[in-house]
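J.: What follows is the residue order along each chain.
Protein chains: 4
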Amino acid sequence: MNGTTGEGMSLSVEERKLLAEEWISQGEGKLDQVIIHVGSLCIKESQQLAKHAAAYNASGIAVISPFFFKPQSIEALTEFLKEVASAAPSIPFYYYHLPEFTGVSLNVVELLDGIEKRIPTFQGVKFTSSDLLDFGQCVHKYKDRFALLYGKDELLLSAMVLGANGAVGSTYNYIGDLCNKMLTVTERGDFNMAREHQALVQEFIGFVNRFGFGVAENKATMMLVSGIPLGPPRLPLLKCSEAKQAKILAKLKILGILT
Amino acid sequence: MNGTTGEGMSLSVEERKLLAEEWISQGEGKLDQVIIHVGSLCIKESQQLAKHAAAYNASGIAVISPFFFKPQSIEALTEFLKEVASAAPSIPFYYYHLPEFTGVSLNVVELLDGIEKRIPTFQGVKFTSSDLLDFGQCVHKYKDRFALLYGKDELLLSAMVLGANGAVGSTYNYIGDLCNKMLTVTERGDFNMAREHQALVQEFIGFVNRFGFGVAENKATMMLVSGIPLGPPRLPLLKCSEAKQAKILAKLKILGILT
Amino acid sequence: MNGTTGEGMSLSVEERKLLAEEWISQGEGKLDQVIIHVGSLCIKESQQLAKHAAAYNASGIAVISPFFFKPQSIEALTEFLKEVASAAPSIPFYYYHLPEFTGVSLNVVELLDGIEKRIPTFQGVKFTSSDLLDFGQCVHKYKDRFALLYGKDELLLSAMVLGANGAVGSTYNYIGDLCNKMLTVTERGDFNMAREHQALVQEFIGFVNRFGFGVAENKATMMLVSGIPLGPPRLPLLKCSEAKQAKILAKLKILGILT
Amino acid sequence: MNGTTGEGMSLSVEERKLLAEEWISQGEGKLDQVIIHVGSLCIKESQQLAKHAAAYNASGIAVISPFFFKPQSIEALTEFLKEVASAAPSIPFYYYHLPEFTGVSLNVVELLDGIEKRIPTFQGVKFTSSDLLDFGQCVHKYKDRFALLYGKDELLLSAMVLGANGAVGSTYNYIGDLCNKMLTVTERGDFNMAREHQALVQEFIGFVNRFGFGVAENKATMMLVSGIPLGPPRLPLLKCSEAKQAKILAKLKILGILT
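Chains as they are written, first to last, in the numbering used here: chain A, 916 to 1174; chain B, 916 to 1174; chain C, 916 to 1174; chain D, 916 to 1174.
Errors might be hidden in some of the hints.
As the list claims (entries may be wrong) - Covered stretches of chain B (in silico footprint by chain D; criterion: 3 or more residues with CB under 8 Å from a CB of chain D, positions within the stretch not fixed):
1) 923-931
2) 939-945
3) 1024-1033
4) 1040-1046
5) 1123-1136
Said to hold, decoys possible - Heads up, simulated EDC-like pairs for lysine to aspartate or glutamate below, C-alpha to C-alpha not over 20 Å straight-line:
6) B:K966 - D:E930
7) A:K1159 - C:E990
8) B:K959 - D:E929
9) A:K1154 - C:E994
10) B:K985 - D:D1028
11) B:K997 - B:D947
12) C:K932 - A:E990
13) A:K1166 - B:E1031
14) C:K1159 - A:E990
15) D:K1154 - B:E990
16) B:K1058 - A:E990
17) B:K932 - D:E929
18) D:K959 - B:E1025
19) A:K1162 - B:E1031
20) C:K959 - A:E930
21) C:K1056 - D:E1118
22) D:K1162 - C:E994
23) A:K932 - C:E929
24) A:K932 - C:E990
25) C:K1166 - D:E930
Treat the hints as calculated values from the structure; they're not laboratory data.
Ideal placement from N, C-alpha and C gives every residue a C-beta, glycine not left out.
All chains, please: the whole structure from these sequences, using the hints.
T.: As structure tokens, then:
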């Protein structure tokens, strides 16, 4: 999914289509699901990307709120999402809630009320916000009906205890083992053990936040950990400096995440 | 404690002293602890209140950050707190972290690093912020040494799972039973049952937030539930309207909090 | 220019090209200048639009900062703008400063320092922000070298007195006469008379701001005043309600802007 | 006036009274007016200070909005101000609008509508905000009735052109000459010459803002320029560092403000 781990929003429509095709074809037989993010400031481009994803048999599509002109009400947001979803009526639709980036912080629980009547393919939410009051209400009312996937890695345990039924995040690319362990023990109700895992994640994120940690830094970290060359970020992002990389590397080693 | 449940910050120094005396004398034999909030924009008044609290045998004192002129660094905040604490060197000192009101959101975990050398009476934090990344780090590093009391009622479970060792909040005046049940089951590790209790609290707070819920509304709710006349709030707060009170009452009944 | 008067950011790349072509061809012989906004979250699309504008003999191009991933420094912003400008090296380049929409509030005066070495076609700034400290410094240092066009209609006089050498704004579509009078008297130094004109504009904008005035409302107002059918806004914007339109119309009449 | 140049809000009630007495007695025969700031989080203390100021023949009193509990409406703010003003019914009352510090940004023009019926001693506003849309409307509607004193030194010219009838600010303690020249030329309508003076002020403030300029820094600057020892600021403010002082001094010399 090209959201805030990748740089989907910095790509052209054509590039986004190519990338979607590649993920879908590479994922076949290896990944359970490939959900394509098709959000755009332009609803027509969003619809075009939605159609394309469906044609290539994506498992589903996800959409963030437009954020230059911002929807001023739940009604306006629902209307926008509905028009995109209706361009790919055969595959599941997810709302990707990302207020730190979009500035749109309309309550998700209000969006969910009655949404299946407006968007029959509605399947769930990727909820990337620290507003656990909103998230908790979503889970309580809708966890049997919708997927409620939590996206703030440093708060995952606090969301799981409220009943999140999944997680999607950036740092899982290199601290996925840690998180999987956390999810496993959480599933069997062992929140006390889960806490130890969450603490490591928090210490890492708390550390990197102090000197600025965005997509460029996350990308550099993924390279450091995986050894896979990912190339520099695209403008307006600048490459993560060597000095920052060294600090990140040192911290990963201290925490035992990298050996 | 006169913080944001009460209206301590709207009282004169003399009134605050009288109120402290009253709580301490009424609490004798009935309350485990009476901690007096002695924060003030004026450090001398804060010291005066601290001395007074100690003279009247308060169990401890708590201080929020000054918030007209704001400390610009951990160093400045520590220095301020130290000067207040040193006026009452015989009783425990708590930092009351309340960034939504003070606008001071310096990381608490950084404040705690080495604080016992600067403030020998330092005992803990009342943490009233939704920043669970900061809170989680505090708990992980310091829960054996300091009291880490969580103060956002609607996020209590999410804080408990990180290891909070206590809770202080406004709504506990009327949904305390609910919260006590939640804490009990949490203590024995039953986070799944705790979730049901937290959901009720979230539904109440989510509901009242939509039409504005501050100290005036909280006060009205306490009166509705307890039947104890508490009087109107002091200016600049206006009395909670009858219409709002009716909505709150109806919701409390629907949720089964009031019968 | 399709910025925040029009809905350029809600259009596809193809639509933006068509619109640019239309403005350029319709403007021939009628408009002094047609400057095409070519900003995009995707630098490649931005470059493509820049090339297109140059090929169609636009008078210049303008670019807002990308705002999903945001430039974290003057260096990153300059680098982004430079890459776009270099795709249309034969026509003037303008930076369009729009922090209320982009969330990028890097000081423009720092951007301008030495920019002609990085971007040889750099010609000026459309400055749509109420930060008159920044704007005043831009004007003082650079008004002989660059065009410094002010874009907050309600603060135009306050910017003119600092030496702005032009203005671009949304409401000029219907209160342009008023503004032209203001500019004329300002040019001959009669700021006292200018004040009366500015007061009318402020009363209008102050009034509409109280009930929400965005692109949809501005569009409706343009229709009301000009009689030209402009169609509904595109999602996520909803059509301005009849009730709002009636209020706007009444106010325009009271102020004598519409008769 | 002990507002944000002085540290009135960090003083105890007793200290504030002593300071008021001193200003009034020292000012006799030397200052046209001595207006005492009597704002407080506690309305009773505010009333006490108002009475005291009147008893000592202050020229007037000024009050900022309370800012721990914040007035939620014009009605609540008016009610608070009215109760303070009524404690000193014989002397003029000013509202001191300071949203950057108080977080209360209710529109002043709405406060002024009909205020003389609620507060018979109401005399004017010290308006310290960059919201020139609000200020312009205040001036247009009320400049014949109320004093509308502008308080953002770096934007003074932009406010004067709208018709401000006075100015109060911190930097006037050392760049007062510059500002007086600006006001003189402005009065005779020579806004073009005024611009040169404003530019110097903007360059100074723009420069110091980049490395943080608050009350501690302003105090150090006043000492540098006047040679009068003013002592260190009170906690939570820390003393301006030597390094910062050196930078400020160098800038004042470059700009010709200090020789």
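J.: Looking back at the hints listed earlier, which ones does the structure fail to meet?
T.: Numbers 2, 3, 4, 10, 11, 12, 13, 16, 18, 19, 22, 24, 25 - these are the hints that the structure violates, sorted from lowest upward.
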